[in-house]
Amino acid sequence: MDQFTSTAEKNRRMKTTNTLETIHPLTKASVMTFLLFLINLFPTKKVIISLFIILILLFLLVPNKLGLIKKILITNLLLFLPMFLMQILFKPGEHILFSWFIIRISTESISFAVNLFIRLCLISSCILLFFHVTKVKDFTIALEEIGVPKSVTYVLLATMMLVPQIIQRSKAIMQAQKIRGIEMNGSISTRLKAFLPTITPLILSSLMSTEERALTLETRAFFSPHKKVYLNSFKKHAYDKWVITLSLLGSASLILLKVVSIWPI
1 MDQFTSTAEK NRRMKTTNTL ETIHPLTKAS VMTFLLFLIN LFPTKKVIIS LFIILILLFL
61 LVPNKLGLIK KILITNLLLF LPMFLMQILF KPGEHILFSW FIIRISTESI SFAVNLFIRL
121 CLISSCILLF FHVTKVKDFT IALEEIGVPK SVTYVLLATM MLVPQIIQRS KAIMQAQKIR
181 GIEMNGSIST RLKAFLPTIT PLILSSLMST EERALTLETR AFFSPHKKVY LNSFKKHAYD
241 KWVITLSLLG SASLILLKVV SIWPI
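Here the sequence shown is numbered in full-length UniProt numbering, starting from 1 and rising by one per residue.
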């Protein structure tokens, strides 16, 4: 068993040439957890600047930098830009800079919106960076190796893979519609008319894949009580154990410091 594990570990590292991708998934997860606690519990200027510098240095080590930057920009603009505008326009403040109807722009609202937007961008960047250099499957396997129930890891894996699978199916259906001669380009109304008929086959294919996945789990003895052997196994080195321990202790210390600062003894 140990020989098989070491061989699988060597093969995995030979296939992966990037430094961050070869690190144990739990090591990366523990460091990410510490950084998320730090930016959420103590969002000071020094912490924000330090985390920003750390992320830039890590970005230099990742493969496909442009793809990661594109994901971060799209995610931040779609999710957090509307929140940023809402905070600026409608959050009350004392020093009013602009007022019209129900809109009140103040220095307090701008300061709060900017700080919130920066924090959310840093949080999303940490999470996207983690999953950019860590496969979800590898992360779930690492969780199972430390005793997390298989049902929990499967739900995590299925949830993380749901959106990419739906997007992939949607692209396949749209491509099939183009092959049939249906106009998919043009005005918004034309695109809506072409897109709406694809919703039904998309939902049906998702339901069918769920049934197929359940049958696959049964045939592969998913609920077997025996210990599984994984092709992609991960071995914890001494530095992995130290980093995980220090990161978890650091996260617990941050929570304790925050509690003490809110409720002084």
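These are calculated hints, taken from the structure and not from any lab test.
Treat the hints with caution; some may be incorrect.
Think about it this way: if two alpha-carbon atoms lie no more than 30 Å apart in a straight line, the pair counts; the simulated BS3-like pairs of lysine-lysine are [to be verified]:
no.: 1; residue 1: K46; residue 2: K258
no.: 2; residue 1: K178; residue 2: K70
no.: 3; residue 1: K46; residue 2: K91
no.: 4; residue 1: K135; residue 2: K193
Evaluation of the provided hints:
no.	hint	in the structure
1	K46 x K258	holds (17 Å)
2	K178 x K70	holds (27 Å)
3	K46 x K91	holds (26 Å)
4	K135 x K193	violated (37 Å)
Checked against the numbered hints above, the structure breaks only hint 4 and satisfies the rest.
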